[in-house]
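S.K.: Quick mapping for you: the protein sequence lines, in order, are chains A and B.
Residues 376 to 528 (the working numbering) make up the first sequence, in order.
Residues 376 to 528 (the working numbering) make up the second sequence, in order.
Fair warning: there could be bad hints in the mix.
Since the list can't tell identical chains apart, any single copy or any two copies may satisfy a pair.
List of simulated lysine to any residue pairs, SDA-like, C-alpha gap at most 25 angstroms [what the hints assert, rightly or not]:
no.	residue 1	residue 2
1	Lys-446	Arg-391
2	Lys-505	Leu-519
3	Lys-446	Ala-417
4	Lys-505	Met-394
5	Lys-446	Leu-407
6	Lys-413	Gln-397
In short, the hints are calculated from the structure, not lab data.
Number of protein chains: 2
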Amino acid sequence: VTSDEELSAGQLTAWRTFMEMQEVLRGRIAALLQADSKLSNADYTVLVALSEAADGRMRAVSLSYALQWEKSRLHHQLTRMCKRGLVERQCGVGRASIVAVTAEGRAALNAAAPIHSRHVRQLVFDRLTKQQAEQFAQISRTLLDGLRHDLSG
Amino acid sequence: VTSDEELSAGQLTAWRTFMEMQEVLRGRIAALLQADSKLSNADYTVLVALSEAADGRMRAVSLSYALQWEKSRLHHQLTRMCKRGLVERQCGVGRASIVAVTAEGRAALNAAAPIHSRHVRQLVFDRLTKQQAEQFAQISRTLLDGLRHDLSG
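Using the sequences and the accompanying hints, generate a full structural model.
M.R.: This is the structure:
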């Protein structure tokens, strides 16, 4: 059921707390990742996506869709990562642009992942009860499904 | 209790879903705000903070702390908003830099707020049960308190 009303006072407080929380959390996680691994959040996200793809390769257009990033944002990000040797552009069939993670990119990800994982555990999951962690997962899933449904509609 | 372990498989899934959700949600909210009101998320955040301060004014350093933004980020943001007439810089006591919302800034915020509020309601609260909305608020509060505690420690 979609309503056309504004937020209640309680909802507004909840929303502001959420927005502030996610902003501070993203900032903290990004700072730790950069300090530990010299990777930005965006670098890390791209490396995870490619490393989990078959042969460590994806079409740029598929990567753009998977990350929900606009083409120009992805292009600039990949250019920076290419220069640092973390990914490489390859020729695909026809004019398809293919992006592949390099051995150096995999090594950077493998070094960063366990450290990043511990930070997320300490900043998020160690602070929630088991029940809250389940609620956190369920609420995120519900909201994401709704957002995706809007896009496909 | 702080653990030194990595994330479990379930936690990793929950974390990735959360990160994707908040990224898509922020993007959607930002796009709607821009389309409706010609304000970025950052513009909106600054206008809300100033409009709720006494006399619509804050010391830049207090604003920076309240938003948890680095000084240079706030400086660039305020420069853009000054040029558009949404805020103005004023001389404070001694060398303190003061930022004030203008009548134009208040008008822009007042026009944007109810539309923004309806979008948040439709994208978030209409999709959660009353119980989930309470969980969402409580989890955000718990995580934010933890992050703030880290900073003050």
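S.K.: Each hint should be assessed against the structure and marked as holding or not.
M.R.: Hints versus structure:
1. In the homo-oligomer, the alpha carbons of Lys-446 and Arg-391 lie at most 25 angstroms apart only across protomers (22 angstroms), although the nearest pairing inside one protomer, at 30 angstroms, exceeds that limit.
2. For the homomeric pair Lys-505 and Leu-519, the shortest alpha-carbon distances inside one copy (21 angstroms) and between copies (18 angstroms) are both at most 25 angstroms.
3. Taking the shortest alpha-carbon separations for Lys-446 and Ala-417, both the intra-copy value of 14 angstroms and the inter-copy value of 22 angstroms come in at or below 25 angstroms.
4. For the identical chains of this complex, Lys-505 and Met-394 are neighbours both inside a copy (23 angstroms) and across copies (19 angstroms), given an alpha-carbon limit of 25 angstroms.
5. In this assembly of identical chains, Lys-446 and Leu-407 lie within 25 angstroms of each other by CA distance solely across copies; the values are 19 angstroms between and 27 angstroms within a copy.
6. Taking identical chains as interchangeable, the C-alpha atoms of Lys-413 and Gln-397 lie at most 25 angstroms apart whether they share a chain (22 angstroms) or sit on different chains (23 angstroms).
Checked against the numbered hints given earlier, the structure satisfies every one of them.
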